[in-house]
Amino acid sequence: MDFISNIVSGFSVALNPLNLGLALVGCLIGTLVGVLPGIGPVTTIALLLPVTFYLDPTSGLIMLAGIYYGAAYGGSTAAILLNIPGENSAVMTCIDGHQMAKQNRAGPALAIAAIGSLFAGSVATFFIALFAPPLANVGLAFGAPEYFSLLLLGLMSVVILARGSIPKALAMAVVGLLLGTVGMGTGTERFTFDSVELMDGIGFVPVAIGIFGLSEIIANLIAPAENRVVVSSKIGSLWPTRDDWRRSWPAILRGTGIGSALGILPGGGVSISTFAAYAVEKKVAKDSSRFGKGAIEGVAGPESANNAAAQTSFIPMLTLGIPGGAVMAVMIGGLMIHGIQPGPRVMIERPDLFWGLIASMWVGNLMLLVINLPLIGIWIQLLKVPYRYLYLAILTFACLGVYTLNNSVFEVGMAAFFGAVGYACLRLGCELPPLMLGLVLGPLMEENLRRAMRISGGDPRIFIDRPISLALLVVTVALFVVLLLPRVRKTKDRLALDDA
Amino acid sequence: MTVNTLDQGALGQSSDAGRAKTFHWRTLASNDVICGIAFIALALFGLWESHDYPMGTALAMGPGYLPRLLCLVLLALGVIIIIADLRSDPSAQPSESVLAEYKVPLTWSSLVPVVAVSLSVFTFGQLIERSGFVLAMLATVLIGGFASRESRPLSVILTAVILTLFNWVVFVVALGVPLRPW
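Keeping their order, the protein sequence lines are chains B and W. 356 is the number that my numbering gives to position 356 of the first sequence; each next residue is one higher, with no gaps. 59 is the number that my numbering gives to position 59 of the second sequence; each next residue is one higher, with no gaps.
In short, the hints are calculated from the structure, not lab data. Source: prediction; values computed, not measured. The reader is advised that the hints may include incorrect statements.
Unchecked claim - Okay, the calculated bits of chain B under chain W, using three or more residues with CB under 8 Å as the criterion:
# : stretch
1 : 142–149
2 : 174–188
3 : 271–278
4 : 425–435
5 : 444–451
Stated by the list, open to error - Beyond 12 Å from chain W on every Cβ pair, some chain B residues (computed):
# : residue
6 : Ser-5
7 : Trp-249
8 : Arg-254
9 : Asp-459
Note that CB positions come from ideal geometry on N, CA and C, so glycine has one too.
With the hints as extra help, turn the sequences into a complete structure.
Now the structure itself:
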């Protein structure tokens with residue numbers, strides 16, 4: 001059966017020593033980043049993109065993916081032990097997880113979080129392996145008009161699900177698209193201002209590092225210093241009691257289901273699934289008054305959900321080339337650096353990439369369970385490093401990362417510029433992921449638009465005449481409508497959508 | 001930038017009598033208005049710069065087609081944003097409350113991190129090819145040190161040295177990136 005042979009070949013890629021090592025590195029860095037507030041997976045992935053240039057794309061992607069789900073795990077560690085959600089997806093875990101820590105039950109909480117995550121990750125991986133190929137097959141029927149509509153859907157979903165005002169997010173997307181037009185892409189110079197460097201267009205990596213990495217540093221330094229409350233609770237025994245198990249496994253199952261389903265949604269499925277999972281657990285529990293006081297279901301559910309969602313959020317990106325959010329957008333950019341255009345063709349042209357990544361995600365989950373639990377002590381120590389040293393390190397990594405990518409001083413300057421611009425955007429309440437995505441997807445959209453117009457002889461109705469394209473456009477419009485409904489809007493604004 | 005200071009609550013103690021006047025300032029200086037103006041300015045600049053790019057037709061799009069179209073959309077959005085903001089209730093809780101962590105009062109001194117970080121990265125670029133890795137790294141960290149209120153000179157210098165060594169080992173020795181030390 002195709003499915004089995006795919007999985008097997010995937011594992012053969014994932015288990016080769018280099019990729020194993022990189023998955024480990026990714027998980028460790030991810031956990032570290034997840035534990036430390038003030039630096040998130042988007043920033044880290046953007047910073048490490050230049051490193052992946054030296055690796056083959058599969059290996060690079062494996063490492064970056066490791067960072068992504070490692071961060072989810074690290075976030076929950078900080079949430080349980082310190083009541084600080086290292087990531088937005090860990091917010092729900094703080095509630096009951098930290099209570100458990102205070103009751104000297106941090107060990108079981110951490111263990112259940114890790115085990116639940118592993119289970120959820122396994123199921124989600126299986127899910128991906130099962131559903132991705134048919135989805136990609138659909139994608140193969142795509143021509144230029146369908147691609148255009150698809151890319152539009154991707155761009156719009158990040159705009160719509162952005163926090164804050166939609167017109168501003170839309171404007172940011174347009175700015176991104178405009179930035180994407182710079183250069184010689186279409187055969188004539190556009191907006192190059194006689195600069196040789198600009199003829200190649202505006203590089204996506206310097207912009208990513210600038211608007212996500214540098215602006216984050218600036219923002220952290222301007223905001224008042226946080227008070228770090230370090231709870232030196234002893235972890236105690238790691239093993240959960242039988243009662244814990246009994247309560248947790250249904251929660252894990254439910255969380256997995258919720259996360260797997262919601263993670264596929266473009267634009268922030270991870271956080272939403274943790275909120276949903278927590279709400280469900282509370283509703284379903286026989287004695288819901290336990291919640292908020294250390295109910296282990298309140299850890300098991302959300303943790304499983306967030307891991308499942310993190311895995312399934314790769315599906316739209318890997319099968320159709322639509323980014324679910326900022327993290328996926330950066331990864332898409334990363335793939336494009338290697339000359340791989342994400343989309344349905346990736347599965348056919350680079351099956352090693354696709355299946356290798358999927359297998360590696362499972363391996364990574366296992367590593368997180370086995371290796372991270374013992375390392376928790378170290379992570380806690382690292383939390384004590386004051387930010388005033390940390391940011392300097394990040395600054396140097398950013399500089400080196402940008403420079404070494406293309407040996408370009410110009411790009412370093414661009415990163416500096418976009419750092420300031422990024423911060424200005426943050427202050428003015430302008431969302432950055434749409435800008436990023438506009439820059440990445442813009443050239444593709446233009447090319448497909450041109451082709452579509454040539455095919456149709458200049459008639460824009462081709463986008464609605466062809467059924468798949470029409471369907472995609474309808475979904476785009478539907479997203480707009482649904483999220484503009486007042487009640488949905490308020491809920492969306494209340495939920496702190498994560499950057500993923 | 002000073003205009004923003006008014007916006008960020010530095011006038012929290014304004015009396016009721018002064019409120020009528022500050023109302024106008026607030027309206028003109030709100031985040032959304034500034035955004036809108038910036039977008040409009042960018043769009044106009046784009047239109048001006050691309051004024052002689054051939055447009056072509058829908059069938060055979062010229063280089064100017066998409067950029068100019070985008071600029072027009074941006075222009076429209078900028079106007080919409082400004083109008084929407086002027087019409088909304090200034091005392092209403094902005095839906096950007098989730099971005100509250102960035103709403104620290106903006107003063108001249110809060111520009112320091114922006115300048116320091118940008119300058120630090122820029123300096124790195126300028127020095128790395130002219131003066132080599134060591135000098136570039138040290139300068140980057142030293143300038144970057146100005147960005148934090150909490151840094152002490154001695155620890156910044158020490159961090160600079162440590163990071164220079166560390167990065168040399170990681171990037172040049174381990175990853176094999178070709179960089180000249182000086």
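Hints and how they fare:
1. 142–149: violated (count 0)
2. 174–188: holds (count 8)
3. 271–278: It is violated: at least three residues are needed, and the stretch 271–278 of chain B offers just 0 whose Cβ sits closer than 8 Å to chain W.
4. 425–435: holds (count 5)
5. 444–451: Check passed, 3 qualifying residues.
6. Ser-5: Fine: 35 Å to the nearest Cβ keeps B:Ser-5 off the interface.
7. Trp-249: Given that every Cβ of chain W is farther than 12 Å from that of B:Trp-249, nearest at about 34 Å, it holds.
8. Arg-254: Since the minimum Cβ distance to chain W is about 27 Å, B:Arg-254 lies beyond 12 Å and the statement holds.
9. Asp-459: 8 Å, violated
Hints 1, 3, 9 from the earlier list are contradicted by this structure; the remaining hints agree with it.
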